[in-house]
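Visitor: One-letter residues, chain by chain:
2 protein chains.
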Amino acid sequence: MKELQRFVRESLLKAGVTPLHAEKVADVFERATLRGVGHHDIYDLPGRLQNLTSKRINPKPHIQQLSKFEAIESYDGDNGLGEIGSSFITDRAMNLASQYGIGFCTIRHSNHFLAASPYVERAAEAGFLGLIFTRTRPAMNVPGINSNVIGNNPMGFAAVTGKEFPLMLDIAMAYTSNGKLNQMIQDEQPIPIFWGKDAQGNPTEDPVAVKNGGSINPIAEHKGFGLSLLVEMLTGLLSGGEVIDEEHPERGGVGVHSQAALIIKIEGFMDAELFRKRSSEMIDRLAANHREIRIPGQRSHKNKLQIEREGIELSPVLVRELDRWAEQLQISPLER
Amino acid sequence: MKELQRFVRESLLKAGVTPLHAEKVADVFERATLRGVGHHDIYDLPGRLQNLTSKRINPKPHIQQLSKFEAIESYDGDNGLGEIGSSFITDRAMNLASQYGIGFCTIRHSNHFLAASPYVERAAEAGFLGLIFTRTRPAMNVPGINSNVIGNNPMGFAAVTGKEFPLMLDIAMAYTSNGKLNQMIQDEQPIPIFWGKDAQGNPTEDPVAVKNGGSINPIAEHKGFGLSLLVEMLTGLLSGGEVIDEEHPERGGVGVHSQAALIIKIEGFMDAELFRKRSSEMIDRLAANHREIRIPGQRSHKNKLQIEREGIELSPVLVRELDRWAEQLQISPLER
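Protein chains in written order, with my numbering: chain U, 1 to 336; chain S, 1 to 336.
Source of the hints: derived by calculation from the structure; they are not laboratory data.
Given the structure is predicted, the values throughout are model-derived calculations rather than measurements.
Each hint should be verified, as a subset may be incorrect.
Repeated chains share a single entry, so a pair holds when one copy, or any two copies, can fit it.
What the hints assert, rightly or not - Here are the simulated DSBU-like cross-link-like pairs (lysine-lysine), alpha carbons at most 30 Å apart as the crow flies:
{"hint": "1", "residue 1": "163", "residue 2": "14"}
{"hint": "2", "residue 1": "180", "residue 2": "14"}
{"hint": "3", "residue 1": "60", "residue 2": "277"}
{"hint": "4", "residue 1": "68", "residue 2": "163"}
{"hint": "5", "residue 1": "14", "residue 2": "304"}
{"hint": "6", "residue 1": "277", "residue 2": "68"}
{"hint": "7", "residue 1": "60", "residue 2": "302"}
Using the sequences plus the hints, can you model the full thing?
Guide: This is the structure we're talking about:
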């Protein structure tokens with residue numbers, strides 16, 4: 001993973017990102033890749049490099065404060081990488097939580113933040129209960145409407161436990177993603193009937209029908225719609241950014257992501273040791289007589305240990321892409 | 001509704017609740033009943049009176065502070081009504097948000113809070129973005145386990161808009177409730193195949209099979225499980241209260257609810273007028289060309305207007321119960 005991190009850092013530097021920011025982004029990519037899920041991780045690096053070198057995304061964003069009132073702050077991300085903006089507000093919210101017990105920061109004119117877990121995992125390691133939210137462009141339908149009306153607006157949280165793994169969740173408010181649909185199409189697998197609708201608005205088990213003019217459903221109908229609207233408010237509205245299908249006056253659909261970080265100082269409530277003990281007892285009660293249970297955060301921790309031990313297998317397509325970028329940016333290719 | 005509020009207030013007073021608390025609880029019952037959903041509202045009053053007069057729930061709780069660190073506080077609810085504890089922490093969190101921009105308060109040893117919307121609606125009316133969370137006793141399964149493992153842990157949020165209604169959501173993390181299952185059984189209707197499992201752990205469309213040894217599913221499998229775990233942490237863990245299936249050493253399953261209120265000062269981010277404008281624009285974009293869309297908070301506002309105009313029809317069963325309580329507590333019966 002050190003070599004992977006080296007590659008991310010050096011390629012970003014060559015693409016114009018500052019050393020401090022490249023360090024932050026490389027940390028996000030490393031954490032995301034260690035989850036071992038095979039998407040929203042190192043596989044997204046070529047896309048980021050493409051956007052940076054084409055100046056679609058600003059390699060050297062100047063993040064500016066828009067508002068501050070004690071424990072809440074908002075920022076403008078200057079169309080920088082989402083990983084930069086989200087790392088920034090997570091750090092700020094941790095600082096505020098240290099001072100006030102809780103901190104809440106928003107950032108507008110950011111971009112895709114890769115995944116939720118890298119930010120909240122870092123907050124958990126620092127002893128906080130961390131939450132992060134991001135709005136996206138419209139990506140799912142809502143009850144009664146058969147088109148992409150609102151983003152799938154992911155969120156994540158994490159907190160330490162007395163176990164070897166933190167409690168951690170990283171989810172979007174839709175039943176599935178385009179990536180997962182493509183996978184199901186490739187594997188010629190049907191999808192659960194409640195995941196999406198076809199072009200006529202009828203429920204379908206055919207992933208192709210969802211892709212071709214259909215749309216993905218929010219989780220549990222009005223519940224997923226409502227939760228995505230909450231995320232939209234916490235991010236787009238409270239950052240003063242774009243909402244729903246709004247475009248940026250000059251950049252169109254680029255830089256219209258907004259994120260929000262909410263950090264709680266656990267030690268403002270109780271001793272850190274007690275929290276670890278109680279959260280472990282919570283897990284033990286969940287797992288009592290239920291060996292099949294999968295506690296949120298458990299699997300990605302297991303994957304992390306395995307990748308750290310055995311390394312990670314990258315697809316030949318990705319390796320070729322990374323080699324091409326190494327040549328273009330004149331850095332050492334990824335050693336394997 | 002004035003008469004209904006009078007009845008709630010007077011019956012609570014006779015059941016031993018203090019005037020200040022009775023006022024708070026009556027407000028919660030009024031707001032919940034005005035939603036017009038026909039459950040978790042005035043229909044729960046007889047149960048509350050039963051618990052108060054039998055001293056299962058403490059009519060005169062002494063709420064005590066357990067911890068404070070700037071904008072975060074935790075309390076013990078002294079086995080009082082959930083409506084008292086949740087009103088209390090909502091008020092406290094609003095005070096903290098006024099001072100710090102955000103406030104977060106938890107309370108343990110509380111009871112069922114009736115519904116989420118009354119608290120967050122009040123916060124929204126005061127200009128805040130309000131969220132509230134409650135843990136419950138185990139009420140749904142989790143992926144891989146066919147029994148009630150964790151609470152359905154409801155949450156709600158609300159914020160003002162420039163429209164006549166606030167954005168508002170009040171949901172549990174399960175696909176359905178026991179009340180809804182009973183309704184489906186009564187109406188001889190099948191349930192969607194993904195709502196629950198039978199006693200053998202197989203998906204079923206038969207609500208009777210779910211009730212008889214089966215269990216209700218969390219929304220979107222691991223997503224609903226993860227979200228309920230988040231609520232469990234924010235409430236049970238951070239309040240120092242019970243978690244999962246823990247019982248109180250003396251009271252058993254009574255008073256093991258915990259709640260958490262999270263309040264954000266919108267004006268810490270932007271002018272209230274601008275927020276109203278932007279939230280209305282958000283709704284307009286959602287509703288553009290989509291007349292069928294139902295914005296969260298819109299229907300309960302419509303119901304509220306109708307009930308205020310035309311009054312509310314109560315079931316003969318409820319009316320008989322309330323008459324019985326009027327006689328027992330020696331107050332004037334509900335005038336209709």
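Visitor: Please go over all the hints and tell whether each is borne out by the structure.
Guide: For each hint, the structure was consulted:
1. 163 / 14: neither (40 Å within a copy, 49 Å between copies)
2. 180 / 14: neither (32 Å within a copy, 59 Å between copies)
3. 60 / 277: neither (43 Å within a copy, 32 Å between copies)
4. 68 / 163: between (37 Å within a copy, 27 Å between copies)
5. 14 / 304: within (28 Å within a copy, 60 Å between copies)
6. 277 / 68: between (36 Å within a copy, 21 Å between copies)
7. 60 / 302: The answer is neither: 36 Å in one copy and 49 Å across copies each exceed 30 Å.
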